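Turn these sequences into a full structure, and let the hints steer you where they fit.
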Amino acid sequence: MMIQKNISLKPFNTFQVEANAAFFADIRQQSDIAEALEFAHDNSLPILILGGGSNFLFTRNFPGIVLHINTKGIEYLGEENDKVYLKVQAGTVWEDLLDFAMKEGFYGLENLTLIPGKVGSAPVQNIGAYGIELKDVFHSLEAIDLNSGLNQTFTLAECQFGYRQSIFKSSHKGHYLITSVTFALSKNFHPHLDYTDVKEYFEGQLPITISPQALREAIRQIRLKKLPEVEKIGSAGSFFKNPVITEDAFQSLLTDFPHLTSFKVPEGIKISAAWLISHCGWKGYRQGDAGVWPQQPLVLVNYGKASGEEILRLANKIIQSVEDRFHIHLESEVNII
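According to our numbering, the sequence shown is numbered sequentially starting from 363.
The set of hints was computed from the structure by calculation and includes no laboratory data.
Treat the hints loosely; a few may be bogus.
To be verified - Result set (DSSO-like, lysine-lysine): computed pairs, CA atoms no more than 30 angstroms apart in a straight line: (1) 549 - 497; (2) 626 - 531; (3) 588 - 679; (4) 367 - 594; (5) 626 - 667; (6) 603 - 497; (7) 535 - 372; (8) 626 - 561; (9) 535 - 603; (10) 434 - 594; (11) 549 - 645; (12) 367 - 497; (13) 535 - 497; (14) 632 - 679; (15) 449 - 465; (16) 588 - 561; (17) 549 - 367; (18) 465 - 535; (19) 531 - 645.
Bear in mind the structure is a predicted one, so any value in this text is a computation, not a measurement.
In structure tokens:
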């Protein structure tokens, strides 16, 4: 493996913003990790783990070493009752895993169609869409401690998954490199149709008549109507989390905003961040090449030559305006460097 110097990260982040890494290592096998970590420790360099770059906004150059995870492979581990276990290397493209599972007749991932990125990044923020989260199909993962270089296995409970959250985004942030994820998929198809957009798509159809292929295509069509194609327009998908507030705070808001879009969750009431942003007038806003996607205001976009700093300034303006009007603080889903 060759460690490269002063490498542009524009091809490696879906926002397509300009930023350089002082050092860059393309990780294609396990031995590459040990070599890159030794180089980082010998030179006292900060380390950044980068998969598909679909959850990062670079606002500056990175002064350390970027480990670009490019390990690939899907291993069948066996079955138990209805469950099928697949061990997937971290550098496997997420959509390639879904293609493989569909072809083999392993189910549970259909609602997570078209999420950009790679498998190793998925547990970090417990990716989710249309009523399903990674934790629903997760068994365990293997990771390397960046300080000791030792391998460690994390179970479902140990990952402490929450809404767009895990220990790898909180207490263990920056301490581990996820090398593989083991999934517990189903041999029998159980469609998840609870999400409003999905219900509307299949309106009038009985769940038993819906095939896995039809559900995956539905999710694809729903996403394409709302979200930009990252190959054409820079973005990182949803930039903001949907905030969760208390029942009392929700009832107080309803007095002034009776049409507020919300969902009950175990932690309280989840408010639609898209609704909040739209009602602050940001939908379709554009300043230079930084903008808010007209079909989905959760998504910030780079129309061409926006810098990471310009996109971050726009995000901060949106956060402030929502806080001023609704007294709700929006949080970013995206890692800001």
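Verification of the hints:
1. 549 - 497: Given pair residue 549, residue 497 holds - Cα atoms ~18 angstroms apart, limit 30 angstroms.
2. 626 - 531: Status holds; Cα separation ~24 angstroms.
3. 588 - 679: 22 angstroms, holds
4. 367 - 594: 28 angstroms, holds
5. 626 - 667: 40 angstroms, violated
6. 603 - 497: 17 angstroms, holds
7. 535 - 372: Answer holds: residue 535 to residue 372 is near 23 angstroms, not above 30 angstroms.
8. 626 - 561: 17 angstroms, holds
9. 535 - 603: OK: residue 535 and residue 603 at ~18 angstroms, within 30 angstroms.
10. 434 - 594: 25 angstroms, holds
11. 549 - 645: 42 angstroms, violated
12. 367 - 497: With a Cα-Cα distance of about 37 angstroms, the restraint between residue 367 and residue 497 is violated, given a limit of 30 angstroms.
13. 535 - 497: The given pair, whose Cα atoms are some 18 angstroms apart, holds under the 30 angstroms limit.
14. 632 - 679: The given pair, whose Cα atoms are some 22 angstroms apart, holds under the 30 angstroms limit.
15. 449 - 465: 16 angstroms, holds
16. 588 - 561: Holds: residue 588 and residue 561 sit about 16 angstroms apart, inside 30 angstroms.
17. 549 - 367: Outside the cut-off at roughly 46 angstroms; violated.
18. 465 - 535: The given pair, whose Cα atoms are some 35 angstroms apart, is violated under the 30 angstroms limit.
19. 531 - 645: 29 angstroms, holds
In terms of the numbered hints stated before, the structure departs from hints 5, 11, 12, 17, 18, listed from lowest to highest.
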